[in-house]
Amino acid sequence: MSLFNVFDVAGSAMNAQSMRLNVTASNLANADAVSTTAAGAYRARHPVFQTAMVGANAASAEEPAAAGVRVLDVVQSDTTPVRRHDPGNPLADAEGYVWGSNVNPVEEMANMISASRSYQGSVEVMTTSRDLLLKTLAMGR
Amino acid sequence: MLPLDSLFGVHERALLLRGERTAVLAANLANADTPGYKARDINFASVLAGEQANLPMAAPNSGQAVGTAAGSELGGSNLQYRVPYQASTDGNTVEAQVEQAAFAENTVRYQASLMFITRQVQALEAALASP
Numbered sequence: 000m001s002l003f004n005v006f007d008v009a010g011s012a013m014n015a016q017s018m019r020l021n022v023t024a025s026n027l028a029n030a031d032a033v034s035t036t037a038a039g040a041y042r043a044r045h046p047v048f049q050t051a052m053v054g055a056n057a058a059s060a061e062e063p064a065a066a067g068v069r070v071l072d073v074v075q076s077d078t079t080p081v082r083r084h085d086p087g088n089p090l091a092d093a094e095g096y097v098w099g100s101n102v103n104p105v106e107e108m109a110n111m112i113s114a115s116r117s118y119q120g121s122v123e124v125m126t127t128s129r130d131l132l133l134k135t136l137a138m139g140r
Numbered sequence: 000m001l002p003l004d005s006l007f008g009v010h011e012r013a014l015l016l017r018g019e020r021t022a023v024l025a026a027n028l029a030n031a032d033t034p035g036y037k038a039r040d041i042n043f044a045s046v047l048a049g050e051q052a053n054l055p056m057a058a059p060n061s062g063q064a065v066g067t068a069a070g071s072e073l074g075g076s077n078l079q080y081r082v083p084y085q086a087s088t089d090g091n092t093v094e095a096q097v098e099q100a101a102f103a104e105n106t107v108r109y110q111a112s113l114m115f116i117t118r119q120v121q122a123l124e125a126a127l128a129s130p
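In order, the protein sequences belong to chains S and B. Start counting the first sequence at 0; every next residue gets the next number (numbering that gives the first Met the number 0). Start counting the second sequence at 0; every next residue gets the next number (numbering that gives the first Met the number 0).
Keep in mind the hints are simulated off the structure, nothing from the lab. Backbone N, C-alpha and C define an ideal beta-carbon position, used for all residues, glycine too. Heads up, a few of these hints could be off.
[What the hints assert, rightly or not] Listed below are several chain B residues computed to face chain S (Cβ distance under 10 Å; list not exhaustive):
#1 L14
#2 T21
#3 Y84
#4 A86
#5 T92
#6 E94
#7 V97
#8 A100
#9 F102
#10 T106
#11 T117
#12 Q119
#13 A125
#14 A126
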């Protein structure tokens, strides 16, 4: 029954989006973290989504309808961290500079809203499918 | 004698197809943020045309032929890629508002078919209960 696949599909989407929210939270939390070296600076992380076959027929390609999503990897942004003058900081180097994170708060906020909306959409899909299944169970009554 | 196979007419098959389409649209919505994902949908008209040719109403004596193999075809050959209104640079062709509208429409039509079947059952029960 294909309606049951919807739970797998919407569930995988919720999983992926909550992962994205998690990563965004991590990025925003570390937006102001500093380091003495460029290598030690926090770099923004971003999840990479990939289409994945889910459900009982995951192994066979005969059920292309049940295409969920999974997080393939979490990659770090390769934007150069920001170097700024802050001699009062205990982490400052000999010249008085610290390396800040390369997190772009605007980008992260947009990411957060997008993830939140997509998550809500998946919840809605799941709720609707559950209603349909329950109504189907009550068929003829 | 009452042809039980054709009691529900097209709605029995329509219900299956609507269920299938729910999964396809759910997959589209799930992959709304996946780069390179191409949104798909079931071409309802072409499936219906194929089903109508098999309907027992058209051929009362071959009613048993209905419902074979068509189930596996529902999701396969009739899946088509959606043409996006505004293509996205990451290759994703899912447009959430389009998919949500299609999902809502599909849900209502599913319930409509369900209601037709329910009413048919009730009518049959009423006929059986009458003295």
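Cross-check of the supplied hints:
no.: 1; hint: L14; result: 8 Å, holds
no.: 2; hint: T21; result: 6 Å, holds
no.: 3; hint: Y84; result: 18 Å, violated
no.: 4; hint: A86; result: 18 Å, violated
no.: 5; hint: T92; result: 12 Å, violated
no.: 6; hint: E94; result: 12 Å, violated
no.: 7; hint: V97; result: 12 Å, violated
no.: 8; hint: A100; result: 12 Å, violated
no.: 9; hint: F102; result: 7 Å, holds
no.: 10; hint: T106; result: 5 Å, holds
no.: 11; hint: T117; result: 6 Å, holds
no.: 12; hint: Q119; result: 8 Å, holds
no.: 13; hint: A125; result: 12 Å, violated
no.: 14; hint: A126; result: 14 Å, violated
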